[in-house]
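Engineer: Turn these sequences into a full structure, and let the hints guide you.
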Amino acid sequence: MDKVIPTAAEAVADIGDGSSLAVGGFGLSGVPNVLIQALFAQGASALRVVSNNCGVDGAGLGLLLAAGRIARVTGSYVGDNKEFARQYLGGELELELVPQGTLAERLRAGGCGIPGFFTPAGVGTQIADGGLPWRYAADGGVAVASPAKEVREFDGRAHVLERGITTDVALVRAARGDRHGNLVFRRAARNFNPLAAMAGRLTVAEVEELVEPGVLDPDEIHLPGVFVQRVVPLTAEQAADKGIERRTLAVAAPAAPALEARHG
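Residues in the sequence shown are numbered consecutively from 6, following the numbering used here.
Please note: incorrect hints may appear among the correct ones.
[As the list claims (entries may be wrong)] DMTMM-like, lysine to aspartate or glutamate: derived pairs with alpha carbons at most 20 angstroms apart: (1) Lys154 with Glu110; (2) Lys154 with Glu99; (3) Lys8 with Asp222.
[Unchecked claim] Label-pair restraints from in silico Cβ distances: (4) Ala18 with Gly161: 17 to 25 angstroms; (5) Gly118 with Ala257: 50 to 58 angstroms; (6) Arg191 with Ala153: 39 to 47 angstroms; (7) Gly248 with Glu214: 15 to 23 angstroms.
Hints listed in this document are in silico derivations from the structure and should not be mistaken for laboratory results. Computed from a predicted structure; not experimentally measured. From the three backbone atoms N, C-alpha and C, an ideal C-beta is built for every residue, glycine too.
Structural biologist: Below is the structure:
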């Protein structure tokens with residue numbers, strides 16, 4: 006039952022070329038940066054990644070992307086990653102864009118053994134009708150386009166069929182975890198990490214705080230250990246190393262003008 010692996014390098018050592026990965030994180034929150042850095046050092050390539058976004062330039066999945074080690078991305082947000090956009094528009098990378106809520110449900114469905122489900126999201130668009138550019142050609146044309154999906158009516162409303170997602174491996178980050186793999190996530194980090202963990206046939210979790218079994222109240226556990234096979238405890242420095250996506254500073258209000266005393 007003890008699922009602790011001493012180092013991230015050991016935890017990702019057997020991830021091979023061409024593996025599919027579900028990777029947790031929402032923006033810069035809850036990204037398994039230590040595991041991603043270990044995978045970068047390990048050298049696996051031609052990876053097929055499922056993640057809400059593909060990191061930012063120079064951090065997270067952006068490291069693997071800049072090194073040309075990601076072949077395909079299934080995600081909902083390209084965001085501020087200029088290298089991601091460059092590779093996609095240049096025909097170097099295949100991208101399946103998925104509505105954010107649909108992506109979350111596809112991961113959850115895969116983890117629950119549900120092969121597919123119907124949703125109204127995307128009806129009447131290229132999500133359902135097909136034709137979304139998955140890969141561009143060198144001349145700017147569309148080399149690979151998305152296929153049309155089944156649309157069926159329920160209670161007078163059209164719904165599109167979406168498939169559940171499972172992957173070879175999932176990489177996630179949790180605020181707390183025990184040796185049995187039970188995990189607790191913090192705030193926005195809970196958006197995609199539990200779902201990614203459910204979708205992986207082999208799930209590796211880096212945890213900021215490792216506790217002994219029995220310390221976590223069952224009512225506070227967000228993901229039970231049955232979904233997790235490997236737990237990597239982070240050092241205090243690794244746990245504290247968190248990026249800020251956009252730094253916003255308040256502008257100081259101008260000082261009120263001094264009042265002059267007047268004498269009659």
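Engineer: Please go over all the hints and tell whether each is borne out by the structure.
Structural biologist: Going through the hints against the structure:
Restraint check: the Cα-Cα separation between Lys154 and Glu110 comes to about 17 angstroms, which is no more than 20 angstroms; the hinted pair holds. As the CA atoms of Lys154 and Glu99 are separated by approximately 19 angstroms, the hinted pair is consistent with the 20 angstroms bound. Taking the CA atoms of Lys8 and Asp222, the gap is near 19 angstroms; set against the 20 angstroms cutoff, the hint holds. About 53 angstroms separates the C-beta atoms of Ala18 and Gly161, a value inconsistent with the hinted range of 17 to 25 angstroms.
Distance hint for Gly118 and Ala257: a CB-CB separation of about 56 angstroms, consistent with the stated range 50 to 58 angstroms. For the hinted restraint 39 to 47 angstroms between Arg191 and Ala153, the CB-CB distance of approximately 40 angstroms keeps it satisfied. A hinted range of 15 to 23 angstroms holds for the C-beta pair Gly248 and Glu214, which are about 19 angstroms apart.
Hint compliance for this structure: hint 4 is the single one not met.
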